[in-house]
Structures are given as structure tokens and as C-alpha cells.
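Got chain F sorted already, so can you dock chains D, Z and E with the ligands onto it with the hints?
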Amino acid sequence: MIDFAAPGGRASSLPLLGRDVEPTLFEMSVAGRRCFQLRTTGLPQIAIEELIPSAHLNPSTVEIAEVSERDLVAHFTRLSHRQFSVDLGMYPLGSCTMKYNPKFCDAVAALTGLNGVHPAAPASLTQGWIELLWILEQRLVAITGMAGATLQPAAGAAGELTGLLLIRAYHEARGEIRTRILIPDSAHGTNPASVTLGGYEVTTIPSNERGLVDLEVLKRSLGPDVAGIMLTNPNTVGLFEEEIQEIAKAVHDSGGLLYYDGANLNAIVGVLRPGDMGFDVVHMNLHKTFATPHGGGGPGAGPVAVSERLVPYLPGPRPAKADDGSFEWKTTTTSIGRVHGWHGNALVLARALAYITVHGDDGLRRVAQHAVLNANWLRVRLSEFLPAAYDRVCMHETTLSAAALKAKYGVRGLDIAKGLLEEGFHSPTVYFPLIVDEALMFEPTETESVQTLEALALALERIVGRAETDPESLHAAPRTTPVSRVDEARAARMLKATADAT
Amino acid sequence: MIDFAAPGGRASSLPLLGRDVEPTLFEMSVAGRRCFQLRTTGLPQIAIEELIPSAHLNPSTVEIAEVSERDLVAHFTRLSHRQFSVDLGMYPLGSCTMKYNPKFCDAVAALTGLNGVHPAAPASLTQGWIELLWILEQRLVAITGMAGATLQPAAGAAGELTGLLLIRAYHEARGEIRTRILIPDSAHGTNPASVTLGGYEVTTIPSNERGLVDLEVLKRSLGPDVAGIMLTNPNTVGLFEEEIQEIAKAVHDSGGLLYYDGANLNAIVGVLRPGDMGFDVVHMNLHKTFATPHGGGGPGAGPVAVSERLVPYLPGPRPAKADDGSFEWKTTTTSIGRVHGWHGNALVLARALAYITVHGDDGLRRVAQHAVLNANWLRVRLSEFLPAAYDRVCMHETTLSAAALKAKYGVRGLDIAKGLLEEGFHSPTVYFPLIVDEALMFEPTETESVQTLEALALALERIVGRAETDPESLHAAPRTTPVSRVDEARAARMLKATADAT
Amino acid sequence: MADYIPHTTAEVADMLEFLGMNSLDDLFAHIPDALKLSRGIDIPAGVSEPDAAVLFNEFAARNDAAKLLCFAGAGAYDHEVPPVVKALGSRSEFVTAYTPYQPEVAQGVLQAVFEFQTLVSRISGLPIPNASLYDAATGLVEALNMASGVKGRSKMIISAGVHPHWRQTAHTFARGTGHEIVEVPLVNGLTDWSAVDCTNAAAIVVGYPNFLGLLEDVSVARSLADANDALLIVGADPIAAGLLKTAGQWGADIFIGEGQPFGTALSYGGPYLGLFACAEELIRKLPGRIVGETVDTEGRRAYVTTLRAREQDIRREKATSNICSNQTLMAVTAAIQLGWLGTAGLREVALSCARGAHYLFEELKSIEGVVRLSDEAFFREFCVELPIAAEVAIVEMAKRGFLAGVSLAQLCGDSDLSTPGDLSRKMLIAVTEKRTKSEIDAYVSALREVVAS
Amino acid sequence: MADYIPHTTAEVADMLEFLGMNSLDDLFAHIPDALKLSRGIDIPAGVSEPDAAVLFNEFAARNDAAKLLCFAGAGAYDHEVPPVVKALGSRSEFVTAYTPYQPEVAQGVLQAVFEFQTLVSRISGLPIPNASLYDAATGLVEALNMASGVKGRSKMIISAGVHPHWRQTAHTFARGTGHEIVEVPLVNGLTDWSAVDCTNAAAIVVGYPNFLGLLEDVSVARSLADANDALLIVGADPIAAGLLKTAGQWGADIFIGEGQPFGTALSYGGPYLGLFACAEELIRKLPGRIVGETVDTEGRRAYVTTLRAREQDIRREKATSNICSNQTLMAVTAAIQLGWLGTAGLREVALSCARGAHYLFEELKSIEGVVRLSDEAFFREFCVELPIAAEVAIVEMAKRGFLAGVSLAQLCGDSDLSTPGDLSRKMLIAVTEKRTKSEIDAYVSALREVVAS
Ligand SMILES: Cc1ncc(COP(=O)(O)O)c(C=O)c1O
Ligand SMILES: Cc1ncc(COP(=O)(O)O)c(C=O)c1O
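Just so you know, the protein sequences line up as chains F, D, Z and E, in that order.
Per this note's numbering, the first sequence runs over residues 2 to 503.
Per this note's numbering, the second sequence runs over residues 2 to 503.
Per this note's numbering, the third sequence runs over residues 96 to 548.
Per this note's numbering, the fourth sequence runs over residues 96 to 548.
So that you can see chain F by itself, here it is in the shape it has in the complex:
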């Protein structure tokens, strides 16, 4: 498949040493080279043809790549050096809560007693795991002010869809046919997509000029066909929906339920509870608020907690404590069924419980307080040269706009993002939420120090200065990274999704 092989020992793709392209695993491959070592089984070496009918056997061979262990290590270690991460520096990414991921939680996940357990092993042999998950469910319920939860959803989006199916099951059980879900225009894209997959239609509620749900429009949109509303609070621009009680009342009065997108839970954990605001369903992104690492895009975990009236429909099985004190798995007959192949992203769940155990109630409250403190400090500090989209106290994140810079100097949000890479920071979230023109959303999280916030502010100040004096240099940014700005259009136009594509 490959007729040449690249040197594994040459490190010129390493930012430490050069700027070469890193060969692919396939380019490094040499036929006959090997790396794997397996146990000596002592089994009779019967030919495969004697075990499996030839109709099933692949007449050719699936080629992987044939590299030495030395080259395998060099390749992936070098790739890791071409990758930004929380462990290297700040990610002020709004809506993502890229906080420090405690190594302690990794150590928990590395316990053989946890990661060596087969998911179909009977309850009697997995008491530790079931208890762990049972406790986690209790903690999440306490944190959100709900009555029960499922731990199965593997990420936030899966949690959303699960929550919507719970809302559906609730209405159906009451014989009600409701077809619409309200969503504010600032919502994350997963929300409308989940609504559709939940079998509902989306009705978009515009935000008012304060960046909040327009209560009057909302009330007008309600009706007997509305199954519920999906909100994030604080919402995706980082503002608290101050009229949440009125919203909840209006929705409940019309027979609808309230869904809480918990992506922004970091702003309120230990301070407020979605349940107290009137929400019926809450998903949590454990990979945000509870610091389980993002893994370059996953795995996450998106448990869903619900109020009393939705508990009967929760996916099963759920961990339960039997009368004799032992732990077991239980599914109600009214359950909507499973939403994951097994019990959810169990090791992620264990990490989250580790995080919660260390913090406790007081620690979690401090998390929210300092996350909000950092965001507001940054908002005020940045307002000296970059306008906030909404100029008042924010929660855990703050949304700015580069619209003025764009108008004046042709420097877009993206240019600022790329400029920030050159300055030693990951970029903020850009162009989300859609309701803010040239949005730049900064979420510092509580684990960054004020020194880092100040350094970020100074970097942004320099970039704004460059926008005035040398906008071209920002269009050309970043230049210090392993690759310079990549051609995204070409990637889509001439799709090459595998090394074999031509």
C-alpha cells in the first residue's frame, strides 16, 4: 500500500526543533516491521480454514501500518507536541468550561479495580462500581435540586435528547399530544438538533436587547401544543435569566416542562439549583463543571437529573440499594429504555465523583463564586479596549464583540482568535452565540489566576493595537504555530478523510 517509509527517528516536525510535516503512521510503515507482543497461549496452531468456513474469510488482508515500537512512540509523542491542551496553557473558551483537570481524578480512573471490570459482570461482583454510581446519582440530584437521575448519556447532547424523550414520555403518559419545544435564539446548536430528534418542532424565541429571553414573546408562544422549553441559565451569552421564575410559571401554567441545559452549571454550582428555579429536567456536562478532561473532543458524560414527576421514565437500569444494603441495577417498567450500550461513560463518571468528593458542598460553591469573579474581572478589564456585548454583571463567561474592529479595520473575530494563539493563549469561542455579531466569548474558569487574566488582557490589548496599526499581520496570524492558518475551504471542497482517499 505504501512504497516508501518515513524516518521515525527524525524529529523535525517537533515545534522544539523545526516546522516540518509529521509523517503519517502509514508513511512510516515498512512491510514486515512489527511491534506487537502477545501472550504465548500454548494453543494448538490450527489453520483458520479449519475453524471458519472460507465464505467468511477475507481473501485479502486488511493493512494497518507496520511500525516499530520506537517509531510508534516517537510519532505519537511528537503529535502530542503539536497539540495545545489545558495542561499547557489557558483555554478561555466560552461555553466550554476548560478548567484544570485534577490529576487525582485520573488516578482514580486508573485503578484496576475500576477500569478492569467487565460491564456485564453480575452485581454481586461489581458492588464497588454500583455503589459509586449510586452515590454519584445522589450527589448530582442534590446539586441540581432534582429527584432522580440517569448516568447513561455519554455527553451533553445525548443528555438533551434523553431529557426530551423523558418530557415526551411524561406528556404521552398523560395522554397529551404536544409538538413544540421553545428555544431561545441564543441556544447552542445541539438544542435544536436534539429537539428534532426528540420528535418535536423548534419554536425560536428571540432574545431581547438585554440578551435575555423576551418574556412577552415567550408567553405569546406558549400553548397547549408546547411540550416545554429548553434554556441555559446562565444563558449562552453568560447572563442570568433574571425572570426565570416568571418563565417557569408561565411554562408550567400552560402544561409545559422546563429543560435546563447544564453546560453552564459552573456559574451556579453550590449557589443556585435548577430545581429551585423551576426546571424539570437538567443535563450536566461532567466534562465541564466537574472537570473531567475533554480528551480532544470527548469522552464526556451528560447525566440527566429530573424532578419527581419524571423519575418513573428515567432510562434504566439505574443503580439502587437493596434492603440488605447491597447494591443492584434496577429498571422501572415505565422507563423509556436504555440510551447507552452499557452504564454510560463509567470512568468519566468516577472521575466526576472524585472531583465532587474532594470539593464537597463548600468547595463547589467556591468554584462558582470564583468562576464568576474571574469572568467579571476580565469583562471589566477588557472593556477598556474591547466592548462587552452586554455591559453589566455577567456570570461565568463574558461575550464581547469584534464588530467595531471589523467595521473599522477589517479585523474579524477569527483574526483576533488567531492572534491570541501567537500570544500564548488558546482563542476564545468565536461566532457563538449567533445573536452577537463577531462574538468573542471568554470563559476564564476559576482555576486561572488573576496574573493569567491580566496577561490575557495585555495580549488582547496588543492585538487590538495591531488591528489599528497592522491589520494585515492579524490576517496572517498565527505564524508561530506548527502550521499556519489552514485552508478550511479546500478541506471541504476536496475532501480527503483518509490517507487512502485520492
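Hints were generated in silico from the structure; no laboratory data involved.
Backbone N, C-alpha and C define an ideal beta-carbon position, used for all residues, glycine too.
Only true hints are included.
If the Cβ cut is set under 10 Å, some of the chain F residues that face chain E in the computed set are:
| hint | residue |
| --- | --- |
| 1 | S69 |
| 2 | D72 |
| 3 | P103 |
List of simulated lysine-lysine pairs, DSS-like, C-alpha gap at most 30 Å:
| hint | chain 1 | residue 1 | chain 2 | residue 2 |
| --- | --- | --- | --- | --- |
| 4 | D | K331 | E | K162 |
| 5 | D | K497 | E | K246 |
| 6 | Z | K162 | F | K331 |
| 7 | Z | K494 | F | K322 |
| 8 | E | K181 | E | K162 |
| 9 | D | K331 | E | K494 |
Here is chains D, Z and E with the ligands on its own, set in the frame of chain F:
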């Protein structure tokens, strides 16, 4: 102590993003910030003054540095990105045997059953460890063709001195007073230094024009005052001392003993044994031949194996098997005593046994064969544009000379070394051994592929080309590294060995 | 209480002063008081890491299953994960990275995922892979949604040989999409397609091997798909690609698979790795992220997430999938594990699994009362009927050091078409390359003892 | 047999052809045949990693000591090493790096060692640290060699309160250097300087605390050193720096210490970390490497190993030390661990050790027959005399889950001046910050049981 604090979250010192200076831990410190978490002991909180007399208490506080866990992680992760390593690319460092360090051996060292054992725990509670070390001693003895060994020396140099003390003990027991040790002029600096610390005088034996010990001079230097000779074979220019049997006979005939510096064992492991060549003492650098990682300069391990007549003097305690099959520690009454605080660098020893276990006799032979193959291939390939110091078959490393380039273009060995850094390789060993003018010593090891060797050759060819056309660019190298060429003279002249030094 | 907050008291005071505030509570002043917790949340006070470690070590110690030699499978397999793969897959740059939305500083994850995609494509025999889904069960759901998006139909024909949890998950999500799911029963362990009405079906789904370990003749399903203009979805054990025909070779339009066997520990079921690939013409409906090759402004090869316009953040309610975070770290790990295995290693693992399973299958003959459920061809897993309840046998075998298998009754629940009759005495047994002959022999002896007693 | 060699058969053939050779044996043709092994070396054939893992897991399983609550010390202490320190210290760039001889690509290790040196300097109270030595025992040897180099004398006065293994090591190496070592006996656990003749001594060495855990009045040794123009070498427990006076504050010229308590696991005794620092004027005789700050050609701060002219590779037979590879990785780890502890943490650890040890010391009063050996001030370790042999007590305590301490007889061997009388019933007990009150209480109950039975 520090009146400002540096941002931990800014990654501009990261080669991936920029070229800033990385702040020190002390610059990142903020009074009152904390990171550590300890167990809750529940002990009475008695004031220290009630436990320890004030004469012993420090009236002031030793200041460490006060950083958050997030900043601690960012700092040391970034430092790791400013560091070349085997896992990132090739180190063709002669005399160092920088081969791939199998992760399996790390996993062995990570076993709690090994690393959680207190060194003073009684033998009955540490049977696994003693057996492991007992087996390792047997393996090393088999590999070297010796009769017994000590595992205590913590590195090669410690092994050398231990070996010299064994030679001394041997002669002393025979009532002989011998004062000199012969050393070839190509020897590694630790050899003469160890000789002095062993209480001997060094007599230097010149190498002949073939890069080998001059047998005639050697014979002339022998006498009743010569305690022995220290040799490396293959020697430090990578050549096999072909007259080793004659050398051994001459030394033994005059009552002296032969010491084998095992730094170059990788060339012969499984193929030849120092014992068969006539050596009486052998130290091994487990961090070379047996692939235990160098750790940025240590820990290593330098076990010393000896022939029958030296066994009684070996340092103790040594692992032993009792009649009932259990394992115990034993010291002979004639032992020279301990040379390490405990049992040596035990986890390094465990790694080495893991390496030996996986390879076995045949695997180790393959190691030497392919190490020598790689070195010779590289020698011939490079000879197209860089002369070898000795133009014939070498062992596991090959010594070239940049003397001609220096004479012609003013490009020194050091410039070539720095140029190679820009090309994505670590540099070879330069200016060692001292007997070769502008020495460049390349040791590819068996774990590098021929593709990597070819890439290295092409890089060197480009550098030689630059020497001709643009020597200045080589004096200015390296320019792609986190720092450019450093001012070594200034470091020595204005010593600043701590952040507190002024 | 412990936390990871750097702020000193003095710094908090300074920061509040900068904001013109007096206390941290001022930050929340705009929130209705009625909503604020007065007594905190009802969870225990925090403890230090080493105190918490005691608790988690206790949890771990009470999972006896972790100490047993594993013969359980059912979609989760005990494969070798060597130290080198663990070391590379746990590099913190991969672990603590965000989704690679800024490609210039994310080439590490992007290239690793590109390599993963290439490997998924080869293993599936289909040209268009994605960057991963949550797991195989949700992968099935995505595949069904894709089929319905492509075909504009809602009837789904699913073999009862597809893993029961995957089918259950499909049923759950069908509540939202309104898909009509028709399950096709097994006869003698293999799908009996004879009675099923595939008219108007969007997709036909078959497991290969099916969850009982047996090798289905996928060509029958392919013919049915052709005859009814439906898509063929094959859910395959990716390890089988070392020996058996790929999904693509059987003519599948969509491949789904559970990627856990590629370097991910058993982990009590997660995080696992949903593998997904499809035919060229289905690309516009592909769920999830896809990494593509491109160049940077200097013409150097570079990678980027592409075809973003399909995804929920751009398409919003019109997207056919809502997936955002996926299982990237497991995908990176799978690329590493496959790089470790190489062509020969993947084949060797598959062969060793097959040999071990067939050896055990033969050896079990010698135990009276243990009936092998089918004599159809199987790969590395098979089902037996015991003279005692499978759950009892598993608990007894555990005392002897073995996780003997998976009880079908526990796995399937009550109403499952896949294995008619009394499920309670049926047990699924899997063998991986980690099991030696002597371990298998010991297993047989132990099981003999258990069924005899 | 397994190996990590990339060469395929075809590549080997090509390479040999390039060399004009026919076989790998040709590479060794210039070596006398008589030297070549015909049957290979006498060690078992190689096995795969997972097969080897079985063996090493068995070794590990047979070290019961690893499972016990540790009250053993004697220079090796069971301190908290948090996951964050393990994760950072095991980063492969640090682990697999070579000695930083090419500073441009070694700033990571160099800066970490520079930070380590700064911390050693602060903890020792002395301005010139080095980049580490093998361990404290060999550190003592280096200190003696340094003193003899500086003073041109060979008499060494060493308190018998210095760890017996350190003293034994000093005796061993004195065979080469010809140093005359005079040991000063203990009385009631503390050095009795009254009878020692220090004339012509190069150095006076004292332990602080001494190896019995007791706090020596170092000023007496300082006066003796002053009176005889000798150097004062203090071997101190570095954890004590969290509370007690530093070596520098006591007037030491040289500090040596065992750095294991800073982030290194017990590891059956190694690799550990020799800490070393000295007064400004001794710098030219400093053993081992030293990292210094400098600038690069662009004026950016940079680090480099410096004062190389002292070292063996340049000074050769004139060097006062032969050390080359040291314990860099442990030094880097110590910098990380100290960064984790910070000022408050180091103090807290020291305090917690002292409190735990004193609490246990008091509680032991309640056990009849257990005699505390001295009432002098101690830090975190002390010695008791048991009514039974210490080795027996330790084995019995192990059955109850404790590593009770260290038997003095085992530690010291026979002829040791440090604790006169019958050593066999004496046991050294240490307490670290990892031991809770309830663990200590349980220890006391268990010991009560053991000495009663
Ligand atoms: C507001 C909001 N909702 C939902 C999600 C989706 O969560 P996940 O990526 O875990 O599926 C995100 C993720 O960024 C988000 O920011
Ligand atoms: C030939 C030779 N001898 C001895 C040594 C010293 O070994 P160590 O650094 O393990 O003390 C070396 C190290 O480079 C060497 O190359």
C-alpha cells in the same frame, strides 16, 4: 522573597506557540497560594513549641514557592516541551547508547508491589524483591561470563570505583602492594577519576594509529607495581581491541587484573563475554545496554560482575537463596562493605531485568548484531562526505572527524552538532574521545531504522554543504530551538546556581 | 474541603475592589434571593485528595470482577492493552485538549484522528469514516437516523442477532424519531429472514458476527436491501477484520462497530468508542465530526475538521445528528493500538481469539450437561446451555477465579427475540488472545466442578 | 524472544549488501573466533511482554511489605506523593532525556534542575547546591572527599549518630582514599564529643536529626570544627527544614541529605536522591554537575551545566569526584513535589510528622515492657526497646497490617557504636504525615497484643 508573580496560564514559552522565556516556579509564586492536600490525621493540634525545644526551631520560614496545582502542571508540562528526549527523536550520541526505552519496563517499575516496599523491611516480607535481584545478578553474570556481582553501584562511575576497590582488596589480601592502574588515552574521564579515588595512580597508555591500545607500550608499562588495567572493548572510538587476549595474558602474567568498562557492552551482548576475553571485573551501565531510561542524566545503575577470585570481596549485602528455597540478604566477612545506602537503584534494576527477560539470550544477541550493523551502515554512508577517524569495520559506534571542515571552512564539530539540532536530530557526542581531533561520535543503536539513518545522513550532507557555502549559518545554529546558542562562558564567569543568587 | 482555585484572600479582595464590590455575594446580587441556597447543597463536606483516595480504593476493592480471568464478552472484550499504548494514549496533551476547533494548535489530535479514520475505513472496507461516536449502541441509532434521512422512510429491519442493548437503545430513540422497528427472529442462532416484510424499509441491520458469536451470511441481507432499495447496515466486531470479510466486502452501506477492543480497558462499559463508516454517496448525512487533510498558507500539509455544515452547530434543527462531544480520546487510543498491532498483529489477535474460542468450544464437550447452542460457524464467542442457572454458575466460577461469561437472561432482559426459550441457563462465552491454553483448561475443570455440584 | 529492533529481514539483507557483507556474522569477522560464544549466553529464551508481566506481577505479589501501613523510617520515609507529582515526574521528555549537554534542546531539564538547586539551597541554608548525587550515603563520601581536597587532610570525625549505612559506605570508600575515619560514640542517643581528638581533622560530620531521630546540638560540632579548622558536614533530614534550623543556620560548611522524601517512592531503596550544598568558598571542589543561569545569543534567559572544568570528563585523574550520571530525574521530581508542597505544605508535613511521632511516643507508654530509649528531643522518629526481639515483633505486626519499624540489629549489623548494648530488641519507629490518629491507635493496640503474646 518574590514581589511579583508570573502568569501560569500563558503558554508563550511553548515551542508550539512562541519563544518566550518560561518563568521560574519562584516567579510564579504568590504568597498564600496553595496546592498541597494532605490526609486528615485527626491528631491533636499541639503547638510545635510544646514538642520541640525552641533552640532547634527555625525562627524564620524556609520559603519554597507558592503556586496553584494548575500552574504547577502548566509549568512542568511546558518545561517538558522544551526538552529533547528519546521519545521525540534520535540521539545518535556515541558512548551513551541512547536506545528506545520500552514502556513495558516503566510499567514494571510502576508496580506498587515493587515501588511501595521499604528498603529496611525484613527479608520475609520482601521475598519478591530479593528473588528478582538474585535472578538479575545471575543474568548479569551469565551475560558477562563472570562468577558473581554486586547490584549496588548507582551508575557506571560508581561501578568503576567499586571495581577498583575490589582489585585493591584482592591484591591486599595477597599481601601485594600495587600502586598503578593503566588506562588508554582514549578512556572516558570517569576512568582516571575513579582510579585516583581508588587510591591508585594513572599510567596512560597511548593508542596506536589504528585507534587501539599499543600492545608494546602496554607491555613496557607493566610491572609488579601495576594493579591492573581499565579497558573498554569495543573502546571509546568504537573499535574492537583485537589483541585483547594478548593484552590479558600480559597483564595477568605480571600479576595485574583487567577491568572492563561496560559502557559499550551493547556492541557485544550475547555475542562475546568480557570474561572470555580475560577480564576480571566488569561494570555495566544498565541505562545504556539494558535500556533503562536516562532520566535527563540519571538515575542509572552500574552493577559490577567479577571473576571467581574477586567474589569474596564483593560489596554486601547480596541476595542469596537459602536451603529452604527462601531468599535472604548475605554479606561475606571479606566484603569491602557497602557502596550504596541501600540495595542500589532497585527500580532501575527491576527495569533492566524486565528488558533482559523479554529479550532472552537470542534477543540480546540480536541487539548487538543490529547495533553493529547500524553503526557500520552509517559509517560507510557518511564516509561519502565526512571521513571516519578510522576507516574500517567498527562496532556499535563510529567516530568521525570534523578536522578537515574546521581547517577549510572554520566549521567546528560543535557547529555541526548544533546544525544537526536544526535538522531534527540530537547531536552526536563531540570532542570525545580526546584522541580524535574534532571528534564526532555517532552511535545509532539497534532501535533506529535504516530510514532514520538515511535521514540523518542526508541531514549531515546538507550541513557539510552549508559548511562550504554558508559557514556563518552554522556558527549561528541552532535557530529553531527554544533558545539559540547559549553563552556558556558567561554562565561560568558569573555563576548563578540558584534563583536567589545575585 | 479542597479545591483547585489559585485565588488568595488578598487577591479576591483586590479583584472585588476592581469591580467595585464588597463580597463574592455581590456578584450574584442580580439574582432573585429566593433562588439562592441558604444552607448549601446537601452533599458531604469536601475532603483532601488522599482522604478521598481511601474511599475510591475501597470502591475498587469491592469489584471482585476485576480480579477474575475474563471469559465474558457480549460486545466488551478483554484484549491486551500494552503499556506503550497506555503511555501514549494518556499523554496529557491528548487528554486535556479541547475539540480541535483551532487547527493551528490542534494538529496533534487532528492528525491522530485522521489516522484513526483511515484505519476505520480499512477495517470497515468503506471509504467514509467519521471521527467517532459514543459507542456502538448509539452508533446504531445514528445509522438508522442517517438511513431515514437518506431514504425518507422510517421502517427499520433489525436482526435479533444484533446486540440486545443496541436494539434496546434503538427502540428508545425511536420514540423521538418515530421509526418503526421490526425485529427479525433467529433460528438456530442465525437470522431467519424468510418471513420479514422489507417493503418500504429504510435500512436492514445485521450483526457480524451476531451477538451470539455466530457468522451470519450477510449476502442474504444485502439481497433484501437491494430488492427493497434499503441501506444495509452491518454491525461488526472490528477484531474480526483481522480474518473475516469486512462490512464493505459484504456490501454494507454503513458499518458500525464497538471500538473498545482497540486499546480501551473494559472500564465497566465506558467510555467506549463508536466506530462508523459509510459509502461515498452518503457523506452529506454522515453524523459527527470528520477530519480532512488540507494545507496551510505555506502549503504544508495540515488537518482540519471539515464538512462542518452537516453538523448541529451550523445546521441546528435541520441536522440529522445532534452529536457534539464524541469519544476522541478513545479514537486516538485506537489509532495507537492499531499502530502497535500492525497488519500482522491484528491478524494474530483475531486468529488467537478464534483458536482459543474453538478450543474451549471443543473442550466443553467433555462436560456432561453443558450443551453448545448451535453448531453454526462462529468467530470468538459462543453460547452454551448449562444444567444450572447461568447466574449461579457465574458466581460459583468467580470463587474459582473466573468471570465465566455473560448470562443471557441478565443481558437480554425478558422479551428478547434473539434466543427463544428459557434464557436463564444460557451463557455467552468469549475468548481473547489473552487467554492461554492452561487458563482455558483450568476453566473447563472449574466449570465441570461447578455444574457437577 | 522479543525485541525492539525495527529491521525487517529484507532491510538487513540490503544493509549488508551495502556493506559488501553476506551475514551479520561478517560484522564480527575481525574478532578472534575463540572469543565468540557458540551456544549463546546461559539465560532463558526471551518471552513476550505480557508473558514477562506475569513474572513481575508475581514478584510484586510476594512483597508483603508493600501492603502494610508503614511506620518504618531510618532514612526512607513513606510520604505522600500525589498523583499530580507522579504525572509530571513521569513525563517521557524528562524520563527519556539524556544529560543536558546540548542546552538549546534541554532547557526543560536544565530549568527544572535550576529550580531544584534553588530549593536545595533554601532547605540547606547554603548558597551552592549541586544537581544531585546518587544518595545520601554516597553524598557523605563526596563530602568527605571534598573536605580532604579543601583541607589537604585525611582524618574524618564522624558521629555515630550518622546513619549506619552512610558510615559503612564511607568506610568502604576510605579504602581507596585512605581516609582515617574516627567514629564518635553516642551517649543516651546523642553524640558524646568529649573524648574525641579532632586535631588535624578535615571534617566533622553530624546527623540532624541523628539516625535515632534525636536532635543533636550541632553548635558543639561547629565549635569543634572552628577550633580545629575543619569543615562541618551536617547530614540533615530535608523534611525537617519545614520546622527546624537548617544546616546553614547551624553553621554547616556542607549539607548532605537524602532527598527521597521529596516525591520519590520507597522503591526498596532506590533510585533515591543525594542532596548536596556547600558554602560559597568551596565551590571549586563541588562534586557533580551544577546548572547555572545564562543567556542565549538573543539575550533570552537560558540555563546550562556550568563549571564543567571541575568534572571528571575534563579534569580526569585530578578530579575530586568521579560522578557522571547522577539522579536528575529524582531531582526534577523533588522540584515538582516541593512546588506542590509550597512553603505552607513543607511546614505542614514537618508538623504533622512531629505531631504523629510524639503522639505515638506518648501512647506507647501504655504498653508494658516497651521502653523508650531516650527522652531527648526528637523530630519524627524514635527508638524503643521491646520485651521481645524486634525482628519477631515486626513479623507479628506485619500479620496485623503494619510495618512496625526497623530493627536496629538488622540495620546496624554487629559492630556499631551508635547504640550500645543488645541491639536485637531495639526498634526504630517513624511517623509521617500519611499516618492518621486512628492508624496510630490501631498500631498501639496491635503492638500491645504482640508484646503480650
Ligand atoms: C450550551 C451547550 N449545550 C450543549 C453542549 C453539548 O454538550 P456535549 O458536547 O457534551 O454534547 C455544549 C457544548 O459545548 C454547550 O456549550
Ligand atoms: C565509556 C564510559 N565509561 C563510563 C561512563 C560513566 O557512566 P555513568 O554516567 O553511568 O557513571 C560513561 C558514560 O557516559 C562512558 O561512556
